[in-house]
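Starting from the known structure of chain A, arrange chain B with the ligands on it as the hints suggest.
Listed below, chain by chain, are the residues.
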Amino acid sequence: MKLWLEKQRYLIDYTLASLARRKARNLGLLLVYTLLVFMLASVTLYTHALRQEAARVLASSPEVIVQRMVAGRHDLIPPGYMEKIGRIRGVQKMEGRLWGYYYDTVTRANYTFMVPAVSVPANNEIIVGPALERSRGLARNNGVTFRSYSGKLHSFVIAEVLPQASELVSADLVLMSEENFRAFFDYPVGHYTDIALSVANPQEVRNVALKLAAALPDARPILRDEVLRTYASIFDWREGIVLALLSAAILAFGILAWEKASGLSAEEKREIGILKAIGWETGDVIKMKFWEGLLVSLTAFLVGFVAAYVHVFHFAAALFEPVLKGWAVLYPRFQLSPHIDGVQVATLFFFTVVPYAAAVLVPIWKAAITDPDTVMRG
Amino acid sequence: MIKLQGIRKAFNQGRDNEYWALNGIDLHVEANKVTALRGPSGSGKTTLLTIVGCLARPTVGRVSLMGEDISGLPERFLTEIRRRRFGFIFQQFNLIKGLSALDNIILPGYPTGRPRHELLARADELLAGLKLGHRREAKVEWLSGGEQQRVAICRALINDPELLIADEPTANLDSHLAREFMAILRDLAAQGRTILLTSHDPLVVDSAVVHRVVDMRDGKLQGGR
Ligand SMILES: Nc1ncnc2c1ncn2[C@@H]1O[C@H](COP(=O)(O)OP(=O)(O)OP(=O)(O)O)[C@@H](O)[C@H]1O
Ligand SMILES: [Mg+2]
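Those protein sequence lines, which keep their order, are chains A and B. Residues in the first sequence are numbered from 1 upward in steps of one, following our numbering. Residues in the second sequence are numbered from 1 upward in steps of one, following our numbering.
In isolation and in its complexed conformation, chain B is listed as follows:
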């Protein structure tokens, strides 16, 4: 589904604190599979996710989505791709405070111009699927960590993306909630979604839900299972 070729990424390029976080990455993220990136802190996992997710551009190299080269597209098109095809689950959840769970979930639907009732119906469906229907009107800052993450998952799914991107999805959860998350992940994979995530957590990377683990170190891939 997504192919990365010779990806390198520099921060502060040209300045004396120039730093190459990625040093030549070739990776094929297969469709309908769960792929996990594993590696020590600072190895470039998050950086790689931002490039796959079109949140940032590689300094060198090509990214192609379904065979189409997208690394040279202007910002507007990347935004469009992010909105239609990707769903993001951030490590800090990144919900917007002061808004209800429901309002947070339908936020990515605004720029699509989809009628509100449709968005709301879909959001309710997603909330019910994650057993969170009773908290739909609650302001997100009042939700527990696990509930917040489920809201974030619903938000990632509102536009029905093909690819889900999750950065350290279990880092803020206890092992019980982490197991619940894996169950959700299994269902999502069963629906045929492509999932790319990063994790240190053995509970995630050793799980049978994950089809493929890719190891990273110093901005390079290292094989894996």
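Chain A on its own, in the form it takes in the complex:
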């Protein structure tokens, strides 16, 4: 046992020494390799986090949203409209919602003004999301003034700042009372932006939508499941584009790795021959080279993955924001909640480390099983 340990130590010592001996080659390889892992990990981490975020947004949204269409455009829900819907079987709750977009000329960003269903702020008080808090440098109990579209100034006191948990949902929110909302946007009394329906049984959702369409021909029901599917396909598509671009890089790396790893230099072949001749076993030689490959690929994987994590979750994936994020117009800037998925890491690991290890081992194995007598001839 002690002997075995000592042997492994020698092998690792030798491996480290031989890595150090070919510094330039190994550093170059490590760099390219790390870059590749970084790119791949960034894409997967980012899209995964976005998807999670979207799922979270939609989890809290109602099963069906009803909008009224006039000339193919989204219009206000007039008074009496909800009564027309009446009672539809399966609908648990029906409520008119009030929300709208406000372009803030000070921060040059869009915010969503909204009257929440529960815990409505008192008059002249608002609850804001982290985006506004950041961009205007606001805190609790500060006053803030917005100029409404009609030109009037409205002042509010910030009662609360929403937590960061899911910024995509809450970043640009400004919550206020119904009275304030109607006054700010000159919203006619009795009108609503849209109607939210809660349906308890998911199987009922389609029926509810059909009945709605029958009762109100000018209504457009939007189903949560459909939205979810649309999001998913958008993300998949975007991820596909980036991966397609990346595949060129992967191919280039593959060629480089193969070239570097499989094309054993004459020097290395000679070294393997010498080691075998002086009494190293074939297994020792392969193990040593295996350690070498593993060390390079593990380092690349770890460094690349950590860098990707930092890139995605601390720098908001600055490198591919334009390609991957569809909401960039609406949401000036938001932070994704850090999330790591085991399967995802394992997949990435499998597709980056294993091919390299194979590319290294095959030629080594070939060289290591040849007769050592070649070293006797210069």
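Hints may contain errors.
Distance condition first, Cα-Cα at most 35 angstroms in a straight line; then the derived DSBU-like pairs of lysine-lysine [stated by the list, open to error]: (1) B:K97 <-> B:K139; (2) B:K139 <-> A:K287; (3) A:K7 <-> B:K131; (4) A:K7 <-> B:K3; (5) B:K33 <-> A:K7; (6) A:K287 <-> B:K97.
No lab work stands behind these hints: they were computed from the structure.
Using the frame of chain A, we list chain B with the ligands on its own:
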């Protein structure tokens, strides 16, 4: 110590460039003696050394070590024999570039799992014996030819082998260094080691250090002195 019986060795057997480098060799390499193989270029000396040293297998014939037939043993056992019982001094020295003299010397000790401090102590002892102690940390590519050869000798001795195998040990040395090598050889022989070497060099084959010279030609033995 080592007996060869009816050894024949073919390269590229079965192909149209098949070549028989050894054609029936019977040889007894005696223990505690210095034996030299002599012969023209291409006569098969190196090939014979690789077979004695278990670096290659004969195509036909038997090799026995201390009475035990080893020609049929699997690769793993041959490696083990090479490591424990043989030391090699190659014509090109075959040191590993980028490593220090000391690291090169202890390399054959790694697979034995012997503690590092023991290996280092033994290496220092060997280096001191060959007056090379001051160069122990030097990278081998910076050493002179004679120094490199002495490092190679130390490496061959690190596992205390019974048999030393040297292919053209003086071919890369000037006559002064060759004489020094013969002095080292004499000491090694005096320690009771068995030595098998090849050489064209009269300085080697005519030396009193060599007990027996075997002549080779066209893959066959020719007597000798
Ligand atoms: N791997 C090989 N494939 C084919 N032929 C080989 C191979 N190795 C050696 N030979 C041939 O075997 C013959 C004997 O070679 P060997 O190296 O044993 O000669 P040698 O007596 O050591 O010569 P020298 O004095 O030049 O070193 C030579 O003709 C050589 O060309
Ligand atoms: Mg030769």
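- Numbers of the earlier hints that this structure fails to satisfy, in rising order: No numbers; nothing is violated.
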